[in-house]
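Student: Going by the working numbering, the sequence shown opens with residue 1, and the numbers climb by one from there.
Some clues are possibly wrong.
Straight-line distance between alpha carbons at most 20 Å, and here's what the computed EDC-like set of lysine to aspartate or glutamate pairs gives [stated by the list, open to error]: (1) 168 x 182; (2) 147 x 400; (3) 147 x 189.
Have a look at the derived ranges for each label pair, beta carbon to beta carbon [what the hints assert, rightly or not]: (4) 287 x 26: 25 to 33 Å; (5) 77 x 177: 47 to 55 Å; (6) 209 x 61: 21 to 29 Å; (7) 294 x 50: 37 to 45 Å; (8) 309 x 232: 18 to 26 Å; (9) 133 x 96: 28 to 36 Å; (10) 281 x 255: 29 to 37 Å; (11) 55 x 264: 25 to 33 Å; (12) 84 x 255: 39 to 47 Å; (13) 347 x 255: 25 to 33 Å; (14) 96 x 314: 23 to 31 Å; (15) 255 x 309: 27 to 35 Å.
Hints were generated in silico from the structure; no laboratory data involved.
We put the CB at the ideal spot given by N, CA and C, even for glycine.
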Amino acid sequence: MTRFVSDSDSVRRQNRGLVLSALRVHGPLSRTVLASQTGLSHASMTAITQDLLAQHIVTELAETPSSDAKARGRPAVRIGFNRTAAYAALFEIEVSRARLSLVDYGGTLVDRIDLPLAPTLFATIAPGEFLRERIEYLGKRNPVETKTLRRIAISVQGILDRDGRSLKWSPIAHLAGTPFADSLADAFDLPVTLYKRGRLLAEGTRWLNPELHDASVATVFVGSTVAMGMTFPGEILGRGNEGTTEFGHMNHMPNGALCRCGMRGCIEAYASDYGVLRTAYSVPETTTPAPSVPPQQYDDLIQRAETGDRSATHAFNIAGRAIGFGLSRMMAVFDPSHILIVGPGARSFELMRTEIETALAGALVCRVNGLPAIIAYRDEKEPIFRGLMMKALNEIDQAEFAALPTLSRGVERSTG
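Work out the full structure: start from the sequences and follow the hints.
Tutor: In structure tokens, the structure reads:
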């Protein structure tokens, strides 16, 4: 009997999770379409949606008349997420800025706070304390919504430890080595999860481009750092950090230019904003990289290159060559159909394109299969946010709401 109950609970949780995943990927659906998407019977779908409705996790949306004049009968009632069922706080932490967003269970942005980050900020205040104060401020601005806050999700740059609870290294000064995720979890009694920005970029871009849902995609961020995330077909709701890489810290030139990480010869040391500026102004390669580069300075260099300035053009050629050879090495083990260049560097893609494509053309897999589609995607903020939001909401779906017990039918069985 115990084994039967355990198996039954496991199946019920799995089926509820399938329904929530289908809604998360496809948006509001009728019960008939939900049954088709999940492979569940109509009877099972009716029982599951009855429970989810009673638990206020989903809601029946207003019927929309069909535009098909031939359609007869009442239009199908669609099931969608109850936006007030839960909320998530999303932190995006980068070298020079942080952004805190509050989203509802339906994926609608409720509030947002943008925060500049000085290079020495976390030397003067512990990261956990800084984040806690900002979430408390968000709560004061949204007292009703934050009463049902279910998750805190944080996008970070750097290398996570093996259990994913803290950063072992980060280009963000004084952030690594501090247990800020655990201190936040203790302060708010909520699950707190760290995600690498590279993976979020890749997943978020797929969410924003439905035609990429079933593609293999490498997303390369070029800006203050160089980072990559990879996603594979069928992973639109990937649950791990598989596919995140330290692409920017792959060695491009042994004993070459000094990288912000302290190593020499990294791709980032040539292709990041500070690397391009260092080359353009003939600064010695052993010069310590600047903590941050003003965006206008990088934009000015792009404009100089576009007007034919030789030193600026040379700097972007060197950057493209570093990225291209890094991608050609990566393609020896992973053959993406699409490569997306995102971030500030996307604005300079045309200046780097020839060197990138020339380097890729020398890779055996590209000679056999041809070059992957390379696309410049200029706004990296939206893919990161979308990837982080979908990670957080999917965790609420699967870890909390899929596991809730049944209601009336469970009571009937226990008393029958």
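Student: Each of the hints needs a verdict: does it hold here or not?
Tutor: To see whether the hints hold, each was checked on the structure:
no. : hint                  : result
1   : 168 x 182             : holds (15 Å)
2   : 147 x 400             : holds (16 Å)
3   : 147 x 189             : holds (12 Å)
4   : 287 x 26: 25 to 33 Å  : violated (51 Å)
5   : 77 x 177: 47 to 55 Å  : holds (52 Å)
6   : 209 x 61: 21 to 29 Å  : holds (25 Å)
7   : 294 x 50: 37 to 45 Å  : violated (57 Å)
8   : 309 x 232: 18 to 26 Å : violated (41 Å)
9   : 133 x 96: 28 to 36 Å  : violated (19 Å)
10  : 281 x 255: 29 to 37 Å : violated (22 Å)
11  : 55 x 264: 25 to 33 Å  : violated (56 Å)
12  : 84 x 255: 39 to 47 Å  : violated (58 Å)
13  : 347 x 255: 25 to 33 Å : holds (31 Å)
14  : 96 x 314: 23 to 31 Å  : holds (26 Å)
15  : 255 x 309: 27 to 35 Å : holds (29 Å)
In summary, the numbered hints that this structure violates are 4, 7, 8, 9, 10, 11, 12.
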